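Those protein sequences? They're chains A and D, same order as listed. Counted from 1, the first sequence has number 203 at position 203 by the working numbering; the numbering is strictly sequential. Counted from 1, the second sequence has number 102 at position 102 by the working numbering; the numbering is strictly sequential.
Everything labelled a hint here was simulated from the structure, so no lab data went into it. You may find that some hints are simply not true.
[To be verified] Under the rule of at most 25 Å between Cα atoms (straight-line distance), these lysine to any residue pairs were calculated in the SDA-like manner:
#1 A/Lys55 x D/Phe96
#2 D/Lys179 x A/Lys58
#3 D/Lys41 x A/Ile28
#4 A/Lys58 x D/Ser38
#5 A/Lys58 x D/Thr47
#6 D/Lys90 x A/Ile28
#7 A/Lys58 x D/Leu35
[Claimed, not checked] Between beta-carbon pairs, the in silico distance windows are:
#8 A/Leu9 x D/Arg152: 39 to 45 Å
#9 A/Ile168 x D/Pro46: 21 to 27 Å
#10 D/Met144 x A/Gly41: 26 to 32 Å
#11 A/Pro130 x D/Arg152: 52 to 58 Å
#12 A/Pro130 x D/Glu145: 52 to 58 Å
#13 D/Trp92 x A/Gly94: 49 to 55 Å
#14 A/Leu19 x D/Ser74: 41 to 47 Å
#15 D/Gly137 x A/Val24: 41 to 47 Å
#16 A/Met54 x D/Tyr8: 40 to 46 Å
#17 D/Thr47 x A/Arg140: 52 to 58 Å
#18 A/Gln171 x D/Tyr8: 48 to 54 Å
None of these values were measured; they are calculated from a predicted model. All C-beta atoms in this analysis are idealised placements derived from N, C-alpha and C, irrespective of residue type, glycine included.
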Amino acid sequence: MSYELIATLMFSSMMLMLLTGQRVFGAIGFVAVVASLALWGDRGGFDLGFAAAMKLMKWYPLLTLPMFIFMGYVLSESKIADDLYKMFHVWMGGLQGGLAIGTIGLMVLISAMNGLSVAGMAIGATIALPELLKRGYDKRMVTGVIQAGSSLGILVPPSVVLVLYAMIARQPVGQLWLAGVVPGLMMATMFIIYIVDFNIIQFK
Amino acid sequence: MTGFMHFYIRIIDAINYRVGRVIMYGIFVIMAILLISSVNKTFFTPTLWTLEMAQFALVSYYILGGPYSIQLGSNVRMDLLYGEWTIRKKAWADLFTVMFLIFYLCVLIYGAISSTAYSFGYWGTEPFSFFGGLITGAEEIGHMERSSSAWRPYLWPIKVVMIFGIFLMLLQCISELLKDVLRLKGEEI
């Protein structure tokens with residue numbers, strides 16, 4: 001079997017398995033295990049699955065992940081994020097589209113405390129989204145604001161993805177984090193400019 | 001049959017709930033080990049054992065926490081189509097696709113057992129007869145596998161933990177399968 005055919009077959013069967021809605025680790029693991037059994041025979045196939053698990057264990061950047069997830073849970077369970085959102089509501093509420101700008105501000109603060117985009121997304125979707133929709137904001141704009149805002153999570157330090165990148169590419173973590181500050185804040189500013197712009201056009 | 005299913009689900013869920021709840025505190029163990037590492041590196045001699053010890057703690061944390069997260073249903077699924085389906089349709093789909101997951105875990109557990117036999121110094125292809133021989137005295141423990149780092153820990157304890165965790169995951173998957181069967185029979189779980 002040619003390499004191209006193997007790759008195509010594995011990828012397409014993986015996508016098919018994912019569409020059935022089975023747990024993602026099961027779907028990917030099943031395709032990998034069947035492919036290794038078909039390609040290496042019984043012994044090699046059986047060993048490869050477990051060898052991959054051991055290889056993942058030896059990959060030490062993985063140690064940073066539970067800490068970041070723990071930090072995200074601390075933020076959301078201790079209701080610090082709710083208080084932050086209330087603060088932005090009071091500060092920005094008077095402006096045209098102020099709450100959307102406040103949401104971006106909240107996202108920047110969350111990103112500066114936590115390194116995963118998912119955490120910002122979860123906090124934004126549970127706290128900010130209902131409030132914004134209640135005040136009659138445009139639904140398309142609001143979902144865009146939360147998604148764009150949460151993407152700042154991996155840019156503004158600390159960032160998990162930059163740690164993983166630094167380990168793979170052998171680059172210093174501190175410098176990568178510093179390099180993320182200006183682009184992150186610049187993107188936040190551009191989001192805010194866009195929101196102001198959008199509101200001016202919308203309400204004319 | 002239904003009575004047995006209820007019994008199995010209750011027992012396995014109870015075991016995995018307790019294991020998951022206890023191992024949840026493993027994150028503090030990892031934190032403590034990493035903190036000891038940082039303190040020693042800053043003020044005293046850097047320690048050799050902390051990195052690998054933290055990795056062992058991390059592996060125990062996520063492998064033994066696995067069954068509990070399956071039980072909670074917190075594993076990531078792609079709900080492009082799945083999210084829209086009714087409970088009945090979801091149960092039908094899971095009834096078939098959970099077989100793939102069980103197959104994967106079976107292959108993984110066989111690989112884990114043969115790898116553990118290797119780290120006890122057995123280089124053949126029959127891990128089960130090796131472990132049987134250990135009990136009856138027909139086989140002996142050979143050269144134990146060690147990690148290739150400076151600390152050189154033995155690798156068999158973590159492999160035994162992994163076998164145990166994967167086995168619990170397998171039991172929990174069968175429990176999920178039985179739950180789907182009961183759902184299709186029209187019961188509320």
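Report task. Go through the numbered hints given earlier and state which of them the structure violates, listing their numbers in rising order. Result -> 1, 2, 3, 14 and 16
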